[in-house]
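Participant: Sequence:
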Amino acid sequence: SKAIPLRWFALELALEQKATSVGQKVLTFKQCMSVAKALQINDVSLVKVALEFLQDCSLLLFYPDLDLVFTDPQVLLDIFSAIVVKFVSGSFAGNKAEVENYKKAILSYRAFKELLDLSPGLKDVLTCDKLLEIFRNLLIVTKIDEDKYFIPALLPMQDIPTAQGE
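Just so you know, my numbering puts 155 at position 155 of the sequence shown, and the rest follows in order with no gaps.
Please note that the accuracy of each hint is not assured.
What the hints assert, rightly or not - Taking lysine-lysine pairs in the DSS-like style, the calculated list, with each CA pair at most 27 Å apart, reads: (1) 37 to 48; (2) 96 to 113; (3) 96 to 148; (4) 148 to 86; (5) 113 to 143; (6) 148 to 130; (7) 86 to 113; (8) 103 to 86; (9) 30 to 113; (10) 103 to 148; (11) 18 to 123; (12) 103 to 113; (13) 143 to 123; (14) 148 to 30; (15) 48 to 104; (16) 86 to 104; (17) 30 to 103; (18) 130 to 113; (19) 18 to 37; (20) 104 to 37; (21) 113 to 148; (22) 104 to 130; (23) 130 to 18; (24) 143 to 96; (25) 86 to 96; (26) 86 to 130; (27) 48 to 130; (28) 148 to 123.
Because the hints were derived from the structure by calculation, they are not lab data.
Let the hints inform the model, and build the full structure from the sequences given.
Facilitator: Structure representation (structure tokens):
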């Protein structure tokens with residue numbers, strides 16, 4: 001087995017500090033490169049390898065195609081939880097077809113975007129498209145067609161009948 005460069009672990013700690021200093025737990029790859037350069041990790045491909053390694057160690061989430069790094073995945077859970085709460089509370093409207101789809105946990109892109117309520121700092125880094133891609137990657141959302149998404153967590157809860165004699 002090969003030795004892991006100590007700077008990679010230093011990078012993880014420095015990324016957490018950077019995320020805290022900007023008041024959010026998500027950074028752009030450009031921000032990560034800036035932190036890496038301060039640690040004398042100047043090679044872009046090496047930084048990507050380090051981030052992939054740190055992800056494999058469950059220390060962060062790295063989405064190279066989206067140029068995003070989550071130093072704490074809790075931010076994704078918080079965003080998704082807020083969407084569920086807003087959906088369940090029924091605090092948004094739609095046309096008749098959309099309302100029928102809501103009952104089946106199917107949302108249009110517009111409805112998903114309407115449910116999305118990001119803090120100002122996150123709005124600068126995350127877009128509706130990026131979040132949908134991340135949630136699809138995490139198997140939380142399934143794309144049905146160009147404008148429709150199935151979100152199983154939004155299905156209404158139902159009592160499951162118990163077998164007789166239990």
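Participant: Could you grab the alpha-carbon distance between residue 130 and residue 113 and see if it respects the 27 Å cut-off?
Facilitator: holds (11 Å)
Participant: Does residue 148 lie within 27 Å of residue 103 when you go C-alpha to C-alpha?
Facilitator: Roughly 13 Å separates the two Cα atoms, so the pair holds.
Participant: Can you confirm whether the C-alpha distance between residue 103 and residue 86 stays at or below 27 Å?
Facilitator: holds (14 Å)
Participant: What's the verdict on residue 113 and residue 143, does the C-alpha distance respect the 27 Å limit or exceed it?
Facilitator: holds (14 Å)
Participant: Please work out if residue 18 and residue 37 have their alpha carbons no farther apart than 27 Å.
Facilitator: Since the Cα atoms of residue 18 and residue 37 sit roughly 13 Å apart, the hinted pair holds (cutoff 27 Å).
Participant: Would the hint linking residue 86 and residue 130 be met if the CA-CA limit is 27 Å?
Facilitator: holds (20 Å)
Participant: Please work out if residue 37 and residue 48 have their alpha carbons no farther apart than 27 Å.
Facilitator: Judged against 27 Å, a Cα distance of about 13 Å means the pair holds.
Participant: Are the Cα positions of residue 148 and residue 86 separated by 27 Å at most?
Facilitator: holds (18 Å)
Participant: Under the criterion that the straight-line Cα-Cα distance not exceed 27 Å, is the pair residue 86, residue 113 satisfied?
Facilitator: holds (12 Å)
Participant: Holds or violated: are the alpha carbons of residue 30 and residue 103 at most 27 Å from each other?
Facilitator: With a Cα-Cα distance of about 41 Å, the restraint between residue 30 and residue 103 is violated, given a limit of 27 Å.
Participant: Do the alpha carbons of residue 96 and residue 113 lie within 27 Å of each other, as the hint requires?
Facilitator: Distance ~18 Å between residue 96 and residue 113 Cα, so the pair holds.
Participant: Starting from residue 148, check that the Cα of residue 130 is at most 27 Å away, please.
Facilitator: holds (16 Å)
In this structure, the hints that do not hold are numbers 14, 15, 17, 20, in rising order.
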